[in-house]
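Trainee: Given chain A's structure and the hints, the job is docking chain B onto it.
Protein chains: 2
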Amino acid sequence: MTKYQTYLIDLDGTMYRGKEKIPEAQDFVKRLNDQNVQYYFLTNNTTQTPEQVANNLSKNHQIIASPEQVITPSLATAGYIKNMFGDEITEHSAYVIGEFGLKSAIFNTGIQLNEVDPDVVIVGLDYDVTYHKFELATLAIKRGAFFIGTNADTNLPNERGLVPGAGSVISLVETAVQHKAKYIGKPEADIVDFAAAYKGFDPSQAVMVGDNYNTDIKCGLNAGLDTLLVYTGVSTHEDIVKQSRKPTYQIESLADWDVE
Amino acid sequence: MTKYQTYLIDLDGTMYRGKEKIPEAQDFVKRLNDQNVQYYFLTNNTTQTPEQVANNLSKNHQIIASPEQVITPSLATAGYIKNMFGDEITEHSAYVIGEFGLKSAIFNTGIQLNEVDPDVVIVGLDYDVTYHKFELATLAIKRGAFFIGTNADTNLPNERGLVPGAGSVISLVETAVQHKAKYIGKPEADIVDFAAAYKGFDPSQAVMVGDNYNTDIKCGLNAGLDTLLVYTGVSTHEDIVKQSRKPTYQIESLADWDVE
Chain A
1 MTKYQTYLID
11 LDGTMYRGKE
21 KIPEAQDFVK
31 RLNDQNVQYY
41 FLTNNTTQTP
51 EQVANNLSKN
61 HQIIASPEQV
71 ITPSLATAGY
81 IKNMFGDEIT
91 EHSAYVIGEF
101 GLKSAIFNTG
111 IQLNEVDPDV
121 VIVGLDYDVT
131 YHKFELATLA
141 IKRGAFFIGT
151 NADTNLPNER
161 GLVPGAGSVI
171 SLVETAVQHK
181 AKYIGKPEAD
191 IVDFAAAYKG
201 FDPSQAVMVG
211 DNYNTDIKCG
221 LNAGLDTLLV
231 YTGVSTHEDI
241 VKQSRKPTYQ
251 IESLADWDVE
Chain B
1 MTKYQTYLID
11 LDGTMYRGKE
21 KIPEAQDFVK
31 RLNDQNVQYY
41 FLTNNTTQTP
51 EQVANNLSKN
61 HQIIASPEQV
71 ITPSLATAGY
81 IKNMFGDEIT
91 EHSAYVIGEF
101 GLKSAIFNTG
111 IQLNEVDPDV
121 VIVGLDYDVT
131 YHKFELATLA
141 IKRGAFFIGT
151 NADTNLPNER
161 GLVPGAGSVI
171 SLVETAVQHK
181 AKYIGKPEAD
191 IVDFAAAYKG
201 FDPSQAVMVG
211 DNYNTDIKCG
221 LNAGLDTLLV
231 YTGVSTHEDI
241 VKQSRKPTYQ
251 IESLADWDVE
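Residue numbers (the working numbering), protein chains in the order written: chain A, 1 to 260; chain B, 1 to 260.
Isolated chain A, as found in the complex (with noise of 0.2 Å):
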């Protein structure tokens, strides 16, 4: 018998490094598989649609991904809506500052696009961002949409540096209208709760596994999840030192983890 039933593993820091590959996580992987175990991708990454992350872990990290297995806060975000409007979405109608990741999710779900009086506002990481489209969406929420933001990093890393994540951009328009937004990503628990709902797994047998405390750990503690932190990516010995609320495990590397 396994530990966990359903594992919940973030990517950048813990499948990968940016282009590097980390041979251990590709083979915990890989046990998962062969034992059987039910495992998703949890990423904050709104810009790509699953099958363009699942098509990276597999094609480029050698990792067995199928899209069915990837959970963005696009994907939370759209179920998010339908819960909302539940069958009168198509009634309904959205403004959304983002990639097509993000767009396509929440235009999947039939709501419709409208620039002046939506009923909800989404933001998310835009490369392609103006400030038209910041204008759109303040004015829109300061008619009354409701403001969501798919998550809160505030930066990501890139081959130049730490450049604006989500968390950034939406602060400018948090700042314009003088509210926050309702967070959907890690480290909020809206994303295993909808991961939950959508894949059908039980969250008291699942397991959050990721590098950076801020975020999956703190999504794992949020949600009521055990937590697997490891040391490959973001969070150091020093910063887990400081925290009150520990992660569950802690490990070097996931050639130190036994799935059964």
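Simulated from the structure, these hints should not be mistaken for laboratory data. Heads up, some of the hints might be wrong.
For chains that are exact copies, the list does not tell them apart, and a pair is met inside one copy or across any two.
What the hints assert, rightly or not - Pairs of lysine-lysine residues, derived as DSS-like cross-links and limited to a Cα-Cα distance of at most 25 Å, are as follows:
id	residue 1	residue 2
1	K30	K19
2	K133	K103
3	K19	K142
Given the structure is predicted, the values throughout are model-derived calculations rather than measurements.
Mentor: Frame of chain A, contents of chain B only:
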């Protein structure tokens, strides 16, 4: 003898309301002019040059104004970096997010343009802002550039409503670099200190005139000036009742103010 030697006068809400004239304002400035009282227009608008601001006042509102009477955060920021770098300013460099009014003031100092490792990053309102500009600003500040925000106004009015102001644009970069900008415009005392030094007036003999408690009156209070609140714009009697630091004077319209 007049009550004050120098008047520092706000524009929108005080001299006009958007495109709407305020006849009492036109008359007030005429009386200052007739009495040979020194007056300057102190605006947080960074998008226009002093020539454009003076032109709007005289052509569209029949208010006696010359470019030399216009003080903006663009000019004050240019003054601030001149103080910072002194005679060696032409050996230093800046990256600027902003409109022509800001860029022309900054690069007229002789400082060089640098998108990669500038000494200072200056962020203001920019209707053509893009993710790429935010990325350049963020990376430069993270590399050690000094971070200046022209002014903290979260919103500005346009014909569609309250749209994002400089403060909102700046907040994106603040979130991405995880620290606050040094602000120059109202309500900071910096812009008054600059104006006094640049124009050679005595702040103890000056009064700040404006309609907005949070920008105009706070600026006067921060700079140690007497203040005159006029109820023709943003702030209401109810707003002022709540404030522990009151304006020196409160009037319904500039017709109620005697310059002698």
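Trainee: Which earlier hints turn out false for this structure, listed by number in ascending order?
Mentor: none
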